[in-house]
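Engineer: Here is what each chain is made of, one letter per residue.
Protein chains: 2
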Amino acid sequence: MTATDDLLASNQRYAASYDKGALTAAPAKGVVVLTCMDARLDPARFLGLEEGDAHVIRNAGGVATDDAIRSVVISQRLVGTESIVIVHHTGCGMESFTDAAMKDELVAETGIRPSFSFEAFPDAAADVRQTAARLAASPFVRHEHVRGFVYDVESGRLHEVALDGG
Amino acid sequence: MTATDDLLASNQRYAASYDKGALTAAPAKGVVVLTCMDARLDPARFLGLEEGDAHVIRNAGGVATDDAIRSVVISQRLVGTESIVIVHHTGCGMESFTDAAMKDELVAETGIRPSFSFEAFPDAAADVRQTAARLAASPFVRHEHVRGFVYDVESGRLHEVALDGG
Chain H
1 MTATDDLLAS NQRYAASYDK GALTAAPAKG VVVLTCMDAR LDPARFLGLE
51 EGDAHVIRNA GGVATDDAIR SVVISQRLVG TESIVIVHHT GCGMESFTDA
101 AMKDELVAET GIRPSFSFEA FPDAAADVRQ TAARLAASPF VRHEHVRGFV
151 YDVESGRLHE VALDGG
Chain W
1 MTATDDLLAS NQRYAASYDK GALTAAPAKG VVVLTCMDAR LDPARFLGLE
51 EGDAHVIRNA GGVATDDAIR SVVISQRLVG TESIVIVHHT GCGMESFTDA
101 AMKDELVAET GIRPSFSFEA FPDAAADVRQ TAARLAASPF VRHEHVRGFV
151 YDVESGRLHE VALDGG
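So the sequences go chain by chain: H and W.
For the first sequence, position 102 (counting from the first letter as 1) is numbered 102 according to the working numbering, and the numbering increases by one without interruption.
For the second sequence, position 166 (counting from the first letter as 1) is numbered 166 according to the working numbering, and the numbering increases by one without interruption.
Extracted from the complex, chain H is given alone in its bound form (with noise of 0.2 Å):
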């Protein structure tokens, strides 16, 4: 049996006990959560949210690229949610690596060099306020509330970063 299909089995037991049928797309608590992909951090548990609850956008580190950028619009637009609340980690894998060395190695191995930028990060809270400040530069975004965190992987806790401006 592969991963996938482990994970298929685990759905099939969801769906046997699936109460959530009547929920429409827009999410009760009106909050739109920006994170990290990685694999120890699990927003909906540590954030209290149940299905239907919020939005959740996540990428490699939580940063605030032009698609995370056109998730949010879409989710301020179609459903109309109000905050924004921007979550990086400790121990963020970003943290591991440079753009250059992930595009030295891409083409080394490929022969292409990758035209876009990787956005490797130094620094969790400074990230979490780069993230922050591309929002707010965006003229697509609505800027109701905006809050940042960094979650520490090691404790489960979330530590807030204070935001220029914020």
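Misleading hints may appear alongside valid ones.
If chains are identical, the list can't say which one is meant, so a pair holds when it fits in one copy or spans any two.
Quick list of in silico lysine to any residue cross-link-like pairs, SDA-like style, CA-CA up to 20 Å [claimed, not checked]: (1) 20 - 79; (2) 103 - 142; (3) 20 - 159; (4) 103 - 78; (5) 20 - 52; (6) 103 - 139; (7) 20 - 44; (8) 103 - 113; (9) 103 - 140; (10) 103 - 114; (11) 20 - 48; (12) 20 - 45.
Simulated from the structure, these hints should not be mistaken for lab results.
Go by the hints and put chain W onto chain H.
Structural biologist: Relative to chain H, chain W alone:
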């Protein structure tokens, strides 16, 4: 109390009983999941994932944007994930608008026309195939094992989509 304060109170409870502090960054199941930010989807619950099991990438639609490809490449290169699981879903907001209408709305309100695509799509299963095709076309993504699904928000059940060449 704001919605974010409410999430922080939940985090206090989560951290109080947290016992996963020894986990490492490498996903135990070797899987990276690419899915939609929709609030009704809790991929950890519907795939039976515990903290530490899998990378989870989420954006509006669960589409293979450059940012999702960036995240997949980092997942594969940094910690060696071997399987990609694509999950779109029924009733997706991406089926409810067009890129042209979204851009018209934004230019009318802000005076600025976005230079990026919003990635709206009319059919979830077709877009799962499109997402897989984009991943397959990337020179930077390894292609050990890719499967695609549409998650039914009314039943909680995954339905597999046959992928071209899969």
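Engineer: Starting from the hint list further up, note which numbers the structure goes against and sort them upward.
Structural biologist: Violated hints: none at all, because every hint is consistent with the structure.
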